[in-house]
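Asks: Chains A and B are the protein sequences, given in the same order. If you read the first sequence in full-length UniProt numbering, its first letter stands for residue 1, the second for the next number, and so on. If you read the second sequence in full-length UniProt numbering, its first letter stands for residue 1, the second for the next number, and so on.
No lab work stands behind these hints, which were simulated from the structure alone. Wrong hints could be hidden among the right ones.
For lysine to any residue, the following SDA-like pairs were computed, each having C-alpha atoms within a straight-line distance of at most 20 Å [to be verified]:
(1) A:113 x B:33
(2) B:33 x A:30
(3) B:18 x A:43
Calculated Cβ distances over 12 Å to all of chain B for the following chain A residues [unchecked claim]:
(4) 33
(5) 45
(6) 356
Label-pair restraints from in silico Cβ distances [said to hold, decoys possible]:
(7) A:107 x B:100: 50 to 60 Å
(8) A:163 x B:92: 41 to 51 Å
(9) B:175 x A:44: 47 to 57 Å
All residues carry an ideal CB built from backbone N, CA and C; glycine is no exception.
Protein chains: 2
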Amino acid sequence: MYTPSADQSLSEAYNLTKYRVGGNGFRSIGVLKAALEQVEDHMESDIYGTGKVIEQFQEKIAKFLGKETAVFFPSGTMAQQIALRVWCDELGTRKVAYHPLCHLEIHEQDGLKELHYIEPILLADKDRLITLNDVQNLKEDIACLLIELPQREIGGQLPEYSELAEISRHCRAKGIKLHLDGARLFEVLPYYQKTAAEICELFDSVYVSFYKGIGGIAGAILAGNETFTAESKIWKRRHGGDLISLYPYIISSEYYFNLRMGKMGEYYEGAKGLAEKFNHCYSIETRPIQPVSNMFHVMFDAPKEKVEHVLVEFYQETDVGITGNLREYTDTTCYCEISIGDQYAMIPDEVIEEAFTLLGRKMKELN
Amino acid sequence: MYTPSADQSLSEAYNLTKYRVGGNGFRSIGVLKAALEQVEDHMESDIYGTGKVIEQFQEKIAKFLGKETAVFFPSGTMAQQIALRVWCDELGTRKVAYHPLCHLEIHEQDGLKELHYIEPILLADKDRLITLNDVQNLKEDIACLLIELPQREIGGQLPEYSELAEISRHCRAKGIKLHLDGARLFEVLPYYQKTAAEICELFDSVYVSFYKGIGGIAGAILAGNETFTAESKIWKRRHGGDLISLYPYIISSEYYFNLRMGKMGEYYEGAKGLAEKFNHCYSIETRPIQPVSNMFHVMFDAPKEKVEHVLVEFYQETDVGITGNLREYTDTTCYCEISIGDQYAMIPDEVIEEAFTLLGRKMKELN
């Protein structure tokens, strides 16, 4: 059944498991092929942002988000820098505010600063959400506040809708544009019990991704009013994102949006159930304790190398994969990210139960 | 056989023709599907610029171009701005030089200036190539000179290889980096009777495209030494071009590169033959008179609306399409661009002969 090997790396051992608690499955070329199967060969490509395939999808998602217009982008990195730039130009200042662990701050090689000369004010501490109070205490004039729902780097936490609404009212009163980093917006709708449009109406502009919970190949939508999106298209060309053909991403985004949008509730319930199992294990706690989306972090109260060793053995013995990527949190703790997709429901209940009994025991033995 | 309609637009009439003198065929989704057919479903996606599918293709093209390393980009717009930026940073100046009709100057919404604050010096007149003399007379310190082979906006003209070699020697002596806009590099190899590597060794960095003569979906390669490409990857992320998956473009680029790289000679011969036929028509001249690649411009010595009317009738009567996009050149002249691909060879000789006899007659009647 498995080949125990003491020196197997975590990712190698993970890749050999039969079951995986997170994700929608292996990112293989088959994912694209499946999306293309139902499309006629003679269907026309989009051409530099025009054509039926791109325009129809943009309209569909604009409507879903309750916004006037939407633009398809190859990446969220591009879409969000541009969103902030457009608001900065409109308000005549190059300052914005966002969370210290915002994607733009830690994952984009400082594109916002290097390409747009925009200075971000970091709101809140690294390990908690931005609050209304943080926004009210902002001393500097900013063009735009970016809020990420859920705040990925702290396990996917969410403010209550009422606080979000107050932040939105405050920003509108102060003439601050509010931008939504909705990389995982679809994934939080079951918790809020709101439509996407009800969330998005609090924001002036919205970015959503199609390869997180949706599980597409790549691609993003930026939505807002007509002036905003028209301006964003000019910047899209400047960034080199106005490709002659974006249809491989558009067609797959739409295919997996249709396939998985209705399953966000199932993923959310799965995340809550799975987090509970982790929290029953010795020296393991999830962040947040009770997930508010399909994602959460698993915090191990033990050093990375030790947990890695436990997990490799655990994968070999149970055939259940938790993660291929464990990250150091402090010298004596580590963590990983879990996002529930289609794969969780495929694991038989008894396999999960046995596995978590074993994981609890192994973690206890560590101490 | 056809439905004559006086008020049919040029592009509508063109789209109804059975034969087309230019191009590789309709840009439909079938183009991608054909490229994917030979790929196994379980083949792994690239992940943020890593993985077999992207690394192998980058190595293959680096070798083909005779460069140390290569990076796959979603677009040439992104690749070339970044190439110039990397050279500017290395040389400590934000000045470059290129042709007045360079892609960066006229098709990119000034991304180079708006995102990189790079000031281009425009060399040569709009209607001719950059010469060694132009480069020698450059008064300002520049980081990089960009040369486009062939110079698309003037019909795809080329300097002789010996002049190119002298420009390269001059730049090296002066410490100026030389960048090749090789959007159509593959298409000029038959004229030069050189390998791509023999052309590229004159340049410090090279961009090539996979959807011009190659006929892929989209995508570009930027090649150069290791320091250069490593730096370009950082900027690729900043621009939002470091997508989680670029494989739809990579697989199709490789598929059509393998399919059409060997046909560039056939396209070049086709272009020469077709240009000759145009040049036999009254009031029509190609630019250049004898093509040096698969492309040329057709210059009509009559106002755009009149030529449009002639072409619509011509398409309806012959079923042969020349262009769907006629552009004004002066008030009394107009032109279109022709790039020979697979479609030209599919037109029976007698259809072409009859068609051009008719075109000559129609153009004569105009005057």
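Asks: Determine for every hint whether it applies to the structure shown.
Replies: Hints and how they fare:
| no. | hint | result |
| --- | --- | --- |
| 1 | A:113 x B:33 | 39 Å, violated |
| 2 | B:33 x A:30 | 12 Å, holds |
| 3 | B:18 x A:43 | 18 Å, holds |
| 4 | 33 | 6 Å, violated |
| 5 | 45 | 4 Å, violated |
| 6 | 356 | 29 Å, holds |
| 7 | A:107 x B:100: 50 to 60 Å | 38 Å, violated |
| 8 | A:163 x B:92: 41 to 51 Å | 49 Å, holds |
| 9 | B:175 x A:44: 47 to 57 Å | 48 Å, holds |
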